[in-house]
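There are 4 protein chains.
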Amino acid sequence: MSDPGMRGSYSEHRSALLARLRRIEGQVRGIQRMVESDTYCVDILTQLSAVIAACEKVGLKVLEDHIRGCVADAVRSDDGEAKLAELVSVLERFLQVGHSAVSARA
Amino acid sequence: MSDPGMRGSYSEHRSALLARLRRIEGQVRGIQRMVESDTYCVDILTQLSAVIAACEKVGLKVLEDHIRGCVADAVRSDDGEAKLAELVSVLERFLQVGHSAVSARA
Amino acid sequence: MSDPGMRGSYSEHRSALLARLRRIEGQVRGIQRMVESDTYCVDILTQLSAVIAACEKVGLKVLEDHIRGCVADAVRSDDGEAKLAELVSVLERFLQVGHSAVSARA
Amino acid sequence: MSDPGMRGSYSEHRSALLARLRRIEGQVRGIQRMVESDTYCVDILTQLSAVIAACEKVGLKVLEDHIRGCVADAVRSDDGEAKLAELVSVLERFLQVGHSAVSARA
Chain A
1 MSDPGMRGSY SEHRSALLAR LRRIEGQVRG IQRMVESDTY CVDILTQLSA
51 VIAACEKVGL KVLEDHIRGC VADAVRSDDG EAKLAELVSV LERFLQVGHS
101 AVSARA
Chain B
1 MSDPGMRGSY SEHRSALLAR LRRIEGQVRG IQRMVESDTY CVDILTQLSA
51 VIAACEKVGL KVLEDHIRGC VADAVRSDDG EAKLAELVSV LERFLQVGHS
101 AVSARA
Chain C
1 MSDPGMRGSY SEHRSALLAR LRRIEGQVRG IQRMVESDTY CVDILTQLSA
51 VIAACEKVGL KVLEDHIRGC VADAVRSDDG EAKLAELVSV LERFLQVGHS
101 AVSARA
Chain D
1 MSDPGMRGSY SEHRSALLAR LRRIEGQVRG IQRMVESDTY CVDILTQLSA
51 VIAACEKVGL KVLEDHIRGC VADAVRSDDG EAKLAELVSV LERFLQVGHS
101 AVSARA
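Chains as they are written, first to last, in my numbering: chain A, 1 to 106; chain B, 1 to 106; chain C, 1 to 106; chain D, 1 to 106.
Read the hints as simulated data drawn from the structure, not as lab findings. Just so you know, even glycine gets a beta-carbon here, dropped at the ideal spot from N, CA and C. Some clues are possibly wrong.
Unchecked claim - The calculated lysine to aspartate or glutamate pairs, modelled on DMTMM-like cross-linking and capped at a C-alpha distance of 25 angstroms, are:
| hint | chain 1 | residue 1 | chain 2 | residue 2 |
| --- | --- | --- | --- | --- |
| 1 | D | K57 | D | D43 |
| 2 | A | K61 | B | E12 |
| 3 | C | K83 | C | D43 |
| 4 | C | K83 | B | E86 |
| 5 | B | K61 | B | E36 |
| 6 | C | K57 | C | D79 |
| 7 | C | K83 | B | E12 |
| 8 | B | K57 | C | E86 |
| 9 | B | K61 | A | D79 |
| 10 | B | K83 | A | E25 |
| 11 | A | K57 | A | E25 |
| 12 | A | K61 | D | D79 |
Unchecked claim - DEER-style ranges, computed between Cβ atoms:
| hint | chain 1 | residue 1 | chain 2 | residue 2 | range |
| --- | --- | --- | --- | --- | --- |
| 13 | B | R76 | A | M6 | 16 to 24 angstroms |
| 14 | C | G30 | A | R7 | 21 to 29 angstroms |
| 15 | C | S37 | D | S77 | 23 to 31 angstroms |
| 16 | D | R76 | A | S37 | 32 to 40 angstroms |
| 17 | B | A19 | C | S77 | 30 to 38 angstroms |
| 18 | D | G30 | A | Q32 | 57 to 65 angstroms |
| 19 | B | R22 | D | R23 | 28 to 36 angstroms |
Stated by the list, open to error - Not close to chain C: a few residues of chain D, all C-beta gaps over 12 angstroms, as computed:
| hint | residue |
| --- | --- |
| 20 | G59 |
| 21 | H66 |
| 22 | R76 |
| 23 | E81 |
| 24 | E86 |
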């Protein structure tokens, strides 16, 4: 967890983000019902792919606001280097999204 | 949607899959609360990465059961070719191989 | 390395695979020239994305031939379980393609 | 192609980038020899995964230099907004966020 004093840069898009996250929550519940009713594997995989794509789209939006907000502000002030280093490590993590879980097992 | 007569091959792992999906649902609700309380962007990105990783793990499990069940059965019977073709298209989608965003431009 | 007695299932597509791999080799050499002549970062990233997409497409083709050939043959004979286990581990690795490198550093 | 007047921000790491790209070129030629000598599919998939991982590492390095160089400079001057918009679109492409294969269907 980061410094609790730090704020999100996405306030302008908060309601749109929440709407998307609620839709994702609904999709996940839908997959639960599919599993309960023994739906064909391939249809479940399709829905999981849709959830992953939706999460990545939300992530890209948050990342975009973060770069335009937090990062740009920091670069204009004196805190640029630390913020750029943090951004690079976020990108590294987001690039490998979902994959460390697998590689941790390998 | 596929033929509604087709069943999932994951029945042996159904309760484990459901438990994971409920945990994912809880994570998505947690991200909603983070967005509502203006949590720092980077912490939200970290949580989104965790949800994506969890969905991919569930997908890999379903895929594994599908290959051992539906696909192997079909290969042993007469329906092998259609099932293998379907598997390849599922893999293409799930592995996002060839990432069409890029390949569409190439 | 696997048992050297095992053969590829892609012989029917060998010349197409080789043509694609030669094109990829040419793209990689093109990126070297770009780096030598100080080409703008974004153009280099675009070309790297194209190489990655091309490698993934080749991988999907090899995977497809492998499933239709080696895996289907094994399922029809007695060696099915070992081959399916190997396939699942290949998928796991291919799913995380390129990402273990990053997570190993994290 | 971008404005030919724009330069790369990676000049400090040029020789390291070139060394990596030459190694990737050698790996791609190695895969060609494997295909020519009918090497087992799974070993070819492993080598393709290694090439993809290596390309992503090079891309992450170029991206890091780009952010510290071109983007930070632009934010400090008047050209910040255009550069940030370009960065976001590069990230979208490089991280393949939202995988359009899936999202196109969703």
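Broken hints, by number: Violated hints (numbers, rising): 2, 3, 5, 6, 9, 10, 13, 14, 16, 18, 19, 20, 21 and 24; every other hint is consistent with the structure.
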